[in-house]
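Following the hints, position chain B against chain A.
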Amino acid sequence: MSDTYITSLPVILAALSGILILVLDLFIKKSEKIVFFFSILFSIIIPLPAFLFYGLKTKAFSNQLLTDNLSYIFLMLISIISLSVILISFSYNKRREIRYNEFYALLFLANAGLISIVSSYNLLVLFLSFEIFSFSSYILTGIVKDRLSSEASFKYIYTGIISSSVGLLGIAFIYGTSGSLYIDKIILNGNYNLGLIAGFILFLINIFFKFSIVPFHIWTPDVYEGAPTPVSSYFSVAPKLAIIIFVIRLININFINLMNFQTLIWILSAATILWGNLAALKQKNLKRIMAYSAIAHSGYISMGFLIPFDLAYKYLIFYSISYIFLNLSAFTFISYLTNGVKDDAELENISGLSQKKPFESFVFTLALISLAGFPPTVGFFAKFYLFIALIKQGFLYITLIAILGTVISVFYYFRIIMYLYFKEGEKEFGFDIWGRIVLFFNMIIILFLSFYPEIIFKFLRG
Amino acid sequence: MIWVLIFPLLSSFLLVVFGKYLSKKIVSFTAPLSILISFIISLFYFSRASEGIIYKIYNWISVGNLKIDIALKWDPLSSVMVLMVTGVSFLIHVYATGYMHEDKSFSRFFAYMNLFTFFMLVLVLSSSIIMMFVGWEGVGLCSYLLIGFWFEKESASKAGMKAFIVNRIGDLGFLIGIFWILYTVKSADFDLINAAAVSGKIPVAIASLIGILLFIGATGKSAQIPLYVWLPDAMEGPTPVSALIHAATMVTAGVYMIVRLNGLFSVAHFASTVVAVVGVFTAFYAATIAITQNDIKKVLAYSTISQIGYMIFAAGIGAYSAAIFHLITHAFFKALLFLGAGSVIHAMGGIQDMRKMGNLRKYMPVTFYTFLIAGLAISGIPGFAGFFSKDEILASSYFSGHKILWSIGVLTALLTAFYIFRLIFMTFYGKERMDEETKHHLHESPKSMTIPLIILAFFAAIGGYVSLPKFISEHSIWEEYLHKIIYVKSELHFIHSIELNLTLLSSALAFLGVLIAWYLYVKKPNLPIIISNKIPFIYKLLLNKYYVDEIYEFVFVNPFVFGSEGIYEWFDKPVIDGTVNGSGKTTLFLGKLLSKLQTGQIRDYIYSILFGVALLLTLLLMGV
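Top to bottom, those sequences are chains A and B.
Its first residue numbered 1, the first sequence is counted upward by one per residue in my numbering.
Its first residue numbered 1, the second sequence is counted upward by one per residue in my numbering.
Keep in mind that the hints were calculated from the coordinates and are not lab data.
Any given hint might turn out to be false.
Reference excerpt, derived from the structure (chain A facing chain B, CB under 8 Å, subset only) [unchecked claim]:
1. SER163
2. SER164
3. ILE197
4. ALA198
5. ILE201
6. PRO358
7. PRO376
8. PHE414
9. TYR421
10. GLU424
11. PHE429
12. GLY430
13. PHE431
So these bits of chain B aren't anywhere near chain A, every CB distance computed over 10 Å [to be verified]:
14. LYS24
15. SER157
16. LYS431
Don't be surprised by glycine CBs; every beta carbon is placed ideally from N, CA and C.
Bound conformation, chain A alone (with noise of 0.2 Å):
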């Protein structure tokens, strides 16, 4: 196969499978099982270029897209990523009535638009995969009907919009001062002049927007809360597990000390940690507070753009697939905080849960205890990894506010472990199997990298 190909099929695979089942409704009645049937085919199918490919390096379309190891593991996470999320919501969509083939089929754009991210490697191609991305997942914000997450998803579109024109104005900025849209040539060039680096930073924006950096995270815990939880936990990983590659991409080019951005980022990490965690604190609402808990987490992940290529590689990577698997457990378990109508996500609702679901709430407890850091789960690993490499490169107070804002987390994750062993309460939620066999596999994995970090290392080593 020509490189053309092997670059672009991922993207050609996922948008294909948003498109095959939307058309899939049209021909077949009563769908419902079959479209969840295939969804789960497709994401099997999709991360199958990684495993024919893995350590293949390919360019198309003039260098505008590229496949490399980084868009492979990129390309299976987020196969696993978007799997998990269609068996959740398979329930979820039939008890808060959401129509599935529209769903799935947005939820694949979503992940092509994602891919696309990964692979481009020219700014415009990049902005209209974000794009992309961004379209699709204002629809899916919005795709219940009910008050919260119409209205979620409306401030979405509009901070949406906002940030994107942001961005664009950066990309132009860029355009109009070194001419190029290639990322590496403009760097190479050598020519770092006001309205460039001027370019860059509100290229940047756009990218901090969708990470959830402070100031700019505002839309977040409404979208979170308002959107349906599946969603959520999408929004929560997905779209952050692209940036991750993204930026590790751009420390490849050594953007960042090039670009002296250090000081940037490092203000922007720290309010992002202390206001996430701080603001996290007295919300009530177990997707807010996860919400805050995602924003806190951009923080630590984004103190990581700080350090060079070899070691960002290793780390950002272990960091991200630790939090995927957490933050897929956790928002599995309160994707199914549901009485039918509206979600029931209350941190209330869950005293005395671990009673009537002993497994369930086990894992969950798991997810927040590793989510706060503590030793020696894989949560604990992911930010040990990251503080001592960012101390060994002289980001001493960074890493003590880190530190700080780890602390500060553990007191409302343990709230909720509080809340669910130590109080009583008389709500019920049922579990189907399918969010019972994806705790269960996060379960194992939680604990499979708690007793073994190392094996990640050795998968990237190759």
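This is chain B only, laid out in the frame that chain A set:
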């Protein structure tokens, strides 16, 4: 060796997953059995411990030069601890099968108990401080879960939270200490840390700082001043939990940690002095509170704090083997005291107030006699276990020149004998003060509860003979066994004639304490009230535990609550209230929504983005 760990873990896992489907009979068979197997395995391996073996399982993490293995350390110290933990844990498990029989969450209880035992074994068997921390947190987690086990009681879940929060403060110090060790020694292995400290690779000042940080962790876990406040509240948990976790095993982890790092602590003189002073003051302070409490378990809780104070004191003055010696004897007699108290509470139908008991020896002879033995042991009456270990600590402190601390320790011995016999006399002697119905139900506990009592009583009586006072025999089996793990050997010379006099003095004080208790609570039972009325200020101060809870609440809790309220007011309220107010009328007309949103927060959201844009560009222009 790893099998010691696997059985409790496996049993706990099975109980969590299949607990619902298993009958109480099967649970009450498998849960203690798994601990018994661990006990037998460790007995089997006991002979090899004196050489000190490391069982490496695999390489856990490696960052740069730092490599941390998962490995078990089987040496004299850990072997003694493992035998104690599994042995006592087994007996308490058996006891609990009787005590918890009526509880609806029977299997959940044993799942936690097994898990606790597993983590405690991890703590004592670990060869590196990181793995020890794993056990340290693990036992903590089980402890919170078990304190709040009856979470229907609000006080129980509050106590669980309190234990959790107080321990976070201690753990923060502990963690910083660990990271500092990693930073200076570049290893987490106990042997390497101790060796580095002894050979002078760690500067003395740094060693002292690390020592104090680690000790902050110990004050949390082992309930010492100033972080002891959680332990009395922890008595809200079921009594077997109090016996296992909050008396015999987990709370002594701090002592174990100091002894494990004795190389570091013997170099860090300043830290050791702090440890010794805090230890002996805690011992005295908690004993004074214990003499006024009326809740049978609260007395025992303060007694535990006081006794751990002794151990910490011993570790601080460098008498490491004496510290572990007292740790082990204490495990026997304090577990026995708690289980006895549990037996009493069981018979009294849940009443814990000693003022409502009395003359129980008539109804429950086995409980009474075993409790009496434990009381004699903790008071330091010659011949019983506590006598030997406490006297060794006091003698060591006297001969190492800490005369002031020694005198406080001796005074505490008097108080100890008094409060424990006050408890015994109030509970088992005098008139029956309970109501008729409770009296009617009084009964001796079932065999599953009394047999563990008898076995523990046996050890509480004879456990001290492994280390006789120096004036009787220069050779102590105990000290020679633990000799290997001590890095800086003490060169104390015990002068036999003085030691004999010291022993006579402390024995006399112990008898005096018993005598006073007898006089006040059996001979003249009205006297205590008269005395407390004569000195109301001191009595109230002691009864209310020096008002420390209130002071902490005022100094630490309130500002924190205030601070987070502030965050709530400033950040969250506008956002949340905005959303909630909006959802009042559920009309879904987009027009209304639009107007609502446009005049409302969306504007603020966009401001925040534009603010960020402006901020970053300003930063750029400022050349940051």
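(request) Would you check whether A:ALA198 satisfies its interface hint, that is, whether its CB is within less than 8 Å of any CB in chain B? (result) Holds: closest Cβ of chain B sits about 6 Å from A:ALA198, inside 8 Å.
(message) Given A:TYR421 as an interface hint, is its Cβ closer than 8 Å to any Cβ of chain B?
(response) Holds, because the Cβ-Cβ distance from A:TYR421 to chain B comes to roughly 6 Å (cut-off 8 Å).
(request) May I ask you to check that B:LYS431 keeps its beta-carbon over 10 Å from the closest beta-carbon of chain A? (result) For B:LYS431, whose nearest Cβ neighbour in chain A is about 39 Å away, the distance exceeds 10 Å, so it holds.
(request) Using 8 Å as the Cβ threshold, decide whether A:SER164 counts as touching chain B. (result) Given a least distance of 11 Å, the restraint on A:SER164 is violated.
(request) Mind checking the CB of A:ILE197 against every CB in chain B and telling me if the closest is under 8 Å? (result) OK, holds: A:ILE197 within 8 Å of chain B, min 6 Å.
(request) Report holds or violated for the interface hint on A:PHE414, using the least CB-CB distance to chain B and a cut-off of 8 Å. (result) Holds, because the Cβ-Cβ distance from A:PHE414 to chain B comes to roughly 7 Å (cut-off 8 Å).
(message) Does the closest beta carbon of chain B sit nearer than 8 Å to the beta carbon of A:ILE201?
(response) Nearest chain B Cβ about 5 Å off; hint holds.
(message) Tell me if the interface restraint on A:GLY430 is satisfied: Cβ within less than 8 Å of some Cβ in chain B.
(response) violated, 16 Å
(message) Can you verify the interface hint for A:SER163: is its Cβ closer than 8 Å to any Cβ in chain B?
(response) With Cβ-Cβ at 6 Å, under 8 Å, it holds.
(message) Min Cβ distance, A:PHE429 to chain B: is it shorter than 8 Å?
(response) violated, 17 Å
(request) Would you check whether the claim that B:SER157 is not at the interface survives, using Cβ distances to chain A and the 10 Å cut-off? (result) violated, 4 Å
(message) Tell me if the interface restraint on A:GLU424 is satisfied: Cβ within less than 8 Å of some Cβ in chain B.
(response) Check passed: Cβ of A:GLU424 comes within 5 Å of chain B, closer than 8 Å.
Checked against the numbered hints given earlier, the structure breaks hints 2, 11, 12, 13 and 15 and satisfies all the rest.
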